[in-house]
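> For reference, the chains in residue letters:
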Amino acid sequence: MAKKNAKEFNFKLYAVAVFFAVLAALVAITYSTYTARYIALHPDRVAENFVDTVVQNGDGYNAYKTTVASKNMKYGDFIRKYYMNPLIFRDEAYTPGTPTDAMTGYNDDSFKGEKSLNDDGTLQGQLIDRMYPLYEELVSENGWDNYDKIYTEYFDELIKARKEIYGDDYLSDEVMFTVLEANVLTYGQTLTGTEDTFDENTGIQLTKKQEGVYQKLFGEDYKLTVKAENEKAIELSDWLASTDEAALETYGIKADDVKEAKSFDVTVCSGDEKIATVTVTVVKIKSSWYVDNTVTDTSALYEFYEIG
Amino acid sequence: MNDGANKKYMKKSEIVTFGIGLFGVALLTGWMPDYTATFFADFAFKGKGFDSDTMSGIISTVFLVAGIVGAVCELVIGYLVDNTKTKFGKVKPWVGFGVVPLALISMLVFVAPNTNNQTVAIIWMFVIYSLYTAFCCAVESPANCFGSLCSPNPSERSSAISIASFLRSVGQSGGMVVILVVGLIMKAVMGQQQFKNAEAQGLDLIISTAVCALGIILFTMIFFVNNKERVPFTQEKVSLKDAVKVVFTNKNLLMVSLTKLTGCGRGVYGTVSLYIAVFLLGSKDLKLALLLPMGIGTAVGTLLVNFVLKKFNTKQTFILFCVYGASSLAILFLVSRGIGFNDGLIIPFLILNFFCGLQHGNTNVTPNIMIADCVDEIEYKTGKRQEGLAYAGYGLFSKVASALTKGFGPWLLYTWSGYAVSTNASVAYAQQTDGTLNKLLMIYTIIPAVFVVLQAVPIFFYDMVGEKKERIIKELIARREANGEAKSEG
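Which chain is which? The protein sequence lines are E and P, in order.
Just so we're aligned, residue 1 is where the first sequence starts under the working numbering, counting upward by one.
Just so we're aligned, residue 309 is where the second sequence starts under the working numbering, counting upward by one.
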């Protein structure tokens, strides 16, 4: 009897039904979560995220990761291609996009001197400290909209500074990114301030408390909020007239790729006080939205404070 | 042994589909803990402005509470499994029906509420992960004890458990492959930078979880359709109190479970593996290169145990592998000390790492076979068959041992070794003294070796082998045949 009852339950049918029912449920959950969380599908959040990245830490560098500059390649690869490789392979016939595998650049270990080989991080720390004033000067003066000027002047100086400290000509993208990103971090900490932090296991002090520029301006427990408002659809012909087509080409984007353009007024507030407003233009390519950095002016985000 | 004991009961495909089922379960349960922690800490409430110190502390507590929930659920589910009597068997319904809510709850762990209220966020983490843990126990525990029910023939049962354990150990690392493949596909579809942006929002984790959740459904359904329970369950009702007593009073079962406690420090190598990768191999990204030879060694070891078990009994096999394991770790230590921390050590270290991994095959397979034998012994003594509780008891000890390892490992690393933390924001890992490097090596080798020896100690008191085991199996088969005849006459 028990055997007969067991046969009545169709295991195969149950298995197939469960598989497709759960597949449908998982697809629905994943799709809804993905569309809700993925910022690039929401033009207002793309604009907000861009401004938020700049304003919270003065970090115009990382903000480029949500712009058209990063549409077709990793932002780091864009910097390598146009600003690092021309310096690393300066003795070779390098032009942006040329494969470097067969080239000998200054990233070859043979260019490393004794100090490079034996550095335990101390000299690297000196190089980072040496470069910071220039970084601060470039960003305070121009913001990050003119990234070409920042990368060009900063890396030119980096080559000289590194040679003075290490005594050799070695230069790699890793060196350049490490120093630049350490300066980006320090700039951010200058704005936000730092706390006393200790390693929980050894008790060693990791950072010292330091009042940031924002804390002086808005109070110790300040909170900057960012809101995108005043959404405006832009005619594609108007957008095309205003954008920098040559820059778009360096990003591998054709004007035809853009299907929609919009602008938002993104306001930064400390409490109820408005401290800056920037108009951010976003464009839709396929299903994702990107900030058009060629027409977005972020200078207001660097002008409401002074460093030093 | 009589013919009944040597008779083959399982189709070849059943042995494979049992393994496929365990592979599917391990695919999801191996994925969840680490990636849930990452998701909760880094992505679930990104940009909400919650206090990061509070959240870090809470996440540890979430896992502690889930561990307690898991330990309680192990026993409760074990008890419920033993009291499940359906036309499909006692274990299959838990796996076949329980896997549906488990897959959905796992997915929901990665669907964080869009809230700006930190309290709501914290409550959600506790509730959703505890729910996951409970459903996980309801499927994983019964799936693990299916081995003792798949065949009354101990030899056939051992082979099935051995192959299934191999596939389970492969499944536990399956999530690493899933996230790799998901990442590659996302990169191809979205482009490099957009993938990085999506990764920064935890979207690759969400998609990978969906893949693993679908995987558990697919693989356990294959098992559910093809596999049968062949050891008849007993009809007596057992109280929870009496049932729990079984776990602690059956000497052999207790000894097998105790191996988990006495060997709890075996896993501390995992705590230090990142630093071995940094200071020995030169980059933290090479942690996978370090763990891969050991992982391959574990998989090979799982198959190797099956061959050793044909020559030796379970007790001898367990002790043999423990002696081998401790020796291989000691050799790794001596070779490393001899060569020193330099580039010349990398290749010998990785090769020896493979040989050290072989011992883990033993701990994946042999205890499961021993527990199946203990279930027979308990049935022989009490007339009651309690797979659910026997495996749950072992699971309970495993969870306690895992908690001890998680406390002991960081203490060894950060306190005992004298590890120096970098104070320079631009230097990730500070230079370590030779003394500290040697202690890091000891945490990876000698200290686990000591615990490998200790885990063998309880097995010296294990005696469900040889003539005793044969006698019990014969008696049980005779009893079942008598019961069958009595029923057919009735």
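Fair warning: there could be bad hints in the mix.
Residues on chain P that point at chain E, a partial pick, calculated with CB under 10 Å [said to hold, decoys possible]:
1) M318
2) P341
3) F532
4) V533
Chain E stretches covered by chain P per the calculated footprint, using a threshold of three residues with CB under 8 Å from any CB of chain P [stated by the list, open to error]:
5) 65–79
6) 259–273
No farther apart than 30 Å at their CA atoms in a straight line, the calculated lysine-lysine pairs in the DSS-like style are these [to be verified]:
7) K495/P - K286/E
8) K320/P - K286/E
9) K356/P - K232/E
10) K232/E - K274/E
11) K320/P - K284/E
12) K504/P - K149/E
13) K536/P - K12/E
14) K208/E - K354/P
15) K12/E - K495/P
16) K495/P - K254/E
17) K504/P - K81/E
18) K74/E - K495/P
19) K356/P - K274/E
20) K393/P - K12/E
21) K495/P - K284/E
22) K12/E - K315/P
23) K495/P - K223/E
24) K354/P - K209/E
Note that these hints are calculated values from the structure, not bench results.
These numbers were taken from a predicted model, which means no experiment stands behind them.
A virtual CB, placed ideally from N, CA and C, is assigned to each residue, including glycine.
> Taking 30 Å as the top limit, are the C-alpha atoms of K12/E and K315/P close enough?
holds (28 Å)
> Is K504/P close enough to K149/E, meaning Cα to Cα at most 30 Å?
Holds - the C-alpha atoms of K149/E and K504/P are around 26 Å apart, at most 30 Å.
> Run the distance test for K232/E versus K274/E: straight-line Cα separation, threshold 30 Å.
Roughly 21 Å separates the two Cα atoms, so the pair holds.
> Is the interface hint satisfied for F532/P? The criterion is a beta-carbon contact with chain E at less than 10 Å.
holds (6 Å)
> For the hint on V533/P, just tell me whether its beta-carbon gets within less than 10 Å of chain E.
holds (5 Å)
> Given the hinted pair K74/E and K495/P, is their alpha-carbon gap at most 30 Å?
holds (10 Å)
> Could you grab the alpha-carbon distance between K495/P and K254/E and see if it respects the 30 Å cut-off?
Roughly 21 Å separates the two Cα atoms, so the pair holds.
> Check, residue by residue, whether the stretch 65–79 of chain E contains three or more positions whose beta-carbon lies closer than 8 Å to a beta-carbon of chain P, and give the verdict.
Holds: 9 residues of the stretch 65–79 of chain E have a Cβ under 8 Å from chain P.
> Compare the distance between the alpha carbons of K354/P and K209/E with 30 Å, and conclude whether the hinted pair is satisfied.
Roughly 25 Å between the alpha carbons, so the hint for K354/P and K209/E holds.
> For the pair supplied as a hint, K320/P and K286/E, confirm whether the alpha-carbon distance does not exceed 30 Å.
Violated, at roughly 51 Å.
> Holds or violated: K495/P with K284/E, Cα cutoff 30 Å?
holds (19 Å)
> Is the hinted pair K356/P and K232/E satisfied, with a Cα-Cα distance of at most 30 Å?
It holds: about 27 Å lies between the C-alpha atoms, which stays within 30 Å.
Going through the hint list in order, the structure does not satisfy hints 1, 2, 6, 8, 11, 15 and 23.
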